[in-house]
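So you can see what is in the structure, the chains are spelled out below.
2 protein chains.
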Amino acid sequence: MFKGLCAFPLTPLTEGEIEEKSFISLIENLVAAGVDAIGALGSTGSYAYLTREQRYQATKLAVSTAANIPVITSIGHVRFEEVVRLAEDAQKAGVSGVLLAPLSYQPLSTDEVFRFYERISAELSVPLCIYDNPATTKFEFTDELLIALSALNQVGSIKLSEIPDNRELALQRIDNLKTRVAKGVTIGISGDAQSANGLMWGCDVWYSVIGGMFPHYSLALTQAALSQDERKTHKLNSDLNPLWAFYHRHGSLCVIATVAEIMGVVASPCLPFPLQTLTGEERASLVQTLKQLDFLL
Amino acid sequence: MFKGLCAFPLTPLTEGEIEEKSFISLIENLVAAGVDAIGALGSTGSYAYLTREQRYQATKLAVSTAANIPVITSIGHVRFEEVVRLAEDAQKAGVSGVLLAPLSYQPLSTDEVFRFYERISAELSVPLCIYDNPATTKFEFTDELLIALSALNQVGSIKLSEIPDNRELALQRIDNLKTRVAKGVTIGISGDAQSANGLMWGCDVWYSVIGGMFPHYSLALTQAALSQDERKTHKLNSDLNPLWAFYHRHGSLCVIATVAEIMGVVASPCLPFPLQTLTGEERASLVQTLKQLDFLL
Chain A
1 MFKGLCAFPL TPLTEGEIEE KSFISLIENL VAAGVDAIGA LGSTGSYAYL TREQRYQATK
61 LAVSTAANIP VITSIGHVRF EEVVRLAEDA QKAGVSGVLL APLSYQPLST DEVFRFYERI
121 SAELSVPLCI YDNPATTKFE FTDELLIALS ALNQVGSIKL SEIPDNRELA LQRIDNLKTR
181 VAKGVTIGIS GDAQSANGLM WGCDVWYSVI GGMFPHYSLA LTQAALSQDE RKTHKLNSDL
241 NPLWAFYHRH GSLCVIATVA EIMGVVASPC LPFPLQTLTG EERASLVQTL KQLDFLL
Chain B
1 MFKGLCAFPL TPLTEGEIEE KSFISLIENL VAAGVDAIGA LGSTGSYAYL TREQRYQATK
61 LAVSTAANIP VITSIGHVRF EEVVRLAEDA QKAGVSGVLL APLSYQPLST DEVFRFYERI
121 SAELSVPLCI YDNPATTKFE FTDELLIALS ALNQVGSIKL SEIPDNRELA LQRIDNLKTR
181 VAKGVTIGIS GDAQSANGLM WGCDVWYSVI GGMFPHYSLA LTQAALSQDE RKTHKLNSDL
241 NPLWAFYHRH GSLCVIATVA EIMGVVASPC LPFPLQTLTG EERASLVQTL KQLDFLL
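Quick mapping for you: the protein sequence lines, in order, are chains A and B.
Residue numbers for the first sequence follow the UniProt record's numbering, so the first one is 1 and each next one is one higher.
Residue numbers for the second sequence follow the UniProt record's numbering, so the first one is 1 and each next one is one higher.
Derived from the structure by calculation, the hints contain no laboratory data.
C-beta atoms are modelled at their ideal positions from N, C-alpha and C, and glycine is treated no differently.
Be careful, since some hints might not be right.
Listed next, the stretches of chain B that the computed footprint assigns to chain A, with coverage defined by at least 3 CB atoms under 8 Å from CB atoms of chain A [what the hints assert, rightly or not]:
| hint | segment |
| --- | --- |
| 1 | 149 to 162 |
| 2 | 176 to 187 |
Ranges between beta-carbon positions, derived for each pair [to be verified]:
| hint | chain 1 | residue 1 | chain 2 | residue 2 | range |
| --- | --- | --- | --- | --- | --- |
| 3 | A | S268 | B | S125 | 46 to 54 Å |
| 4 | B | S109 | A | D111 | 33 to 41 Å |
| 5 | B | E28 | A | T51 | 32 to 40 Å |
| 6 | A | E168 | B | T179 | 52 to 60 Å |
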């Protein structure tokens with residue numbers, strides 16, 4: 001499950017409520033393409049903006065729509081007692097695994113983060129992916145901490161947020177992790193623009209935002225990279241550079257949500273208030289870019 | 001209400017539940033000292049870790065214990081629809097004002113933050129304090145944005161998080177804000193170690209963590225600073241330097257919660273999991289420091 005392409009769909013919202021029909025269509029698109037796993041309610045799925053009831057509702061919909069494809073869902077929350085309840089809900093809804101970022105209001109120490117995962121690990125009967133996401137959590141994992149956490153019972157994967165740009169340094173880091181994490185724990189890459197490199201340099205799974213919208217293309221890119229086809233990987237990835245430039249300016253969620261609105265697969269606006277999709281010139285420019293990227297559609 | 005000393009008590013928790021008796025005692029201590037306002041459920045009161053029901057429960061307790069002293073409470077939440085409900089709850093509980101930080105999972109733009117306050121301002125019938133807290137929200141307010149927000153109907157105060165160390169620059173910044181914010185909007189200082197200076201340099205109110213535990217001393221410091229008694233202010237503030245050194249190393253919440261545990265006014269541990277109070281040598285050293293600071297007690 002924590003291998004290949006794990007695609008993260010949006011959770012389209014209208015006035016704070018889930019647009020079920022669009023959400024189901026997004027999942028069906030992933031099922032038809034045959035992604036390796038579906039990451040319902042990742043950061044891209046706006047999990048942090050939903051009530052407990054909505055998270056259960058969306059997870060159930062995802063599982064029932066996903067057929068035989070494993071669904072993983074985020075159980076993150078600032079309040080630990082709520083993380084426990086979300087874990088129960090997710091398992092009841094039939095997920096194959098859960099994602100968990102160390103959300104906090106106050107900054108956390110390494111020791112606090114370790115205890116947090118240790119305690120939730122004891123509550124779980126499905127595998128857990130450690131969700132490194134410093135842009136939203138402010139917590140920076142060290143490799144030593146990730147390696148220590150990998151030994152916890154339920155940990156099945158680690159989603160890295162950043163790898164060095166430099167090939168040698170990235171290879172060194174990934175190799176160090178892969179050698180030292182507990183047996184069977186996979187290393188995942190996120191941050192779409194660096195993910196093709198991450199896969200070529202040894203990561204096992206791409207936790208992918210673009211995969212939630214364009215799964216066929218993302219699968220082709222994943223397969224090229226995992227089979228070390230450098231030329232094909234480079235071509236498929238660099239063709240997306242215009243999109244990565246938008247990511248760089250506005251963040252992946254804002255861009256992919258705008259793309260979904262432009263394509264008409266979700267209602268507009270689709271993000272939780274006060275988050276906004278692109279407007280004005282940047283939106284017009286994204287419309288033009290998408291026309292050039294018609295191979296995605 | 002948004003003047004003088006606004007004291008922020010802890011919300012002591014045991015296994016995620018509010019210890020009502022200790023919480024009431026903390027509030028009674030503030031009432032006896034005659035603070036200008038009580039900031040129930042600030043960051044120090046762990047608001048972000050509580051359920052909606054617990055926030056209502058704590059706010060009602062604070063209001064009923066506070067007698068004639070105005071109570072303000074935080075209505076912050078990542079989900080906007082929940083902010084609206086928390087505002088309703090707070091007003092129903094009888095608060096005199098609310099605090100609101102721009103909590104978000106995704107980074108917010110200036111425009112998104114403006115719309116956020118604009119929309120909640122329209123829902124409120126009590127004054128709002130804009131809660132600048134970049135250490136927890138990651139959002140950095142510009143002075144231009146604060147000035148624009150001050151014109152919203154319900155805005156009554158701005159809680160600054162950081163002022164320049166340099167006296168001239170700090171005076172310039174505070175003077176610029178005071179001259180340009182809407183009439184009647186007060187400027188507050190937070191960050192205990194810089195607050196005496198902030199008050200001497202023109203701020204109207206101290207949003208105080210130490211004030212929630214040691215209100216008599218904090219009132220004396222507030223009065224000295226507001227009356228521009230530089231010598232007395234310097235003496236009262238520099239006597240606290242050993243405590244500010246702990247703040248600097250561990251953050252104000254961890255330190256003041258450890259102080260409360262050491263004094264026996266709350267059960268131990270009193271913070272929401274996974275946050276920890278000080279242990280080992282640092283705790284022993286804080287015990288010694290408190291003995292030297294016996295004038296606080």
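Here's how the hints hold up against the structure:
For the segment 149 to 162 of chain B, the assignment as covered by chain A is violated, since 0 residues bring a beta-carbon within under 8 Å of that chain's beta-carbons and 3 are needed. Here's how the segment 176 to 187 of chain B fares: 0 of its residues keep a CB closer than 8 Å to some CB of chain A, so the rule of at least three is not met and the hint is violated. The given range of 46 to 54 Å is broken by A:S268 and B:S125, whose C-beta atoms sit roughly 33 Å from each other. Separated by about 35 Å at the C-beta atoms, B:S109 and A:D111 satisfy the suggested range of 33 to 41 Å.
The supplied range of 32 to 40 Å is met by B:E28 and A:T51, whose beta-carbon atoms lie about 35 Å from each other. For A:E168 paired with B:T179, a C-beta distance near 55 Å keeps the hint of 52 to 60 Å intact.
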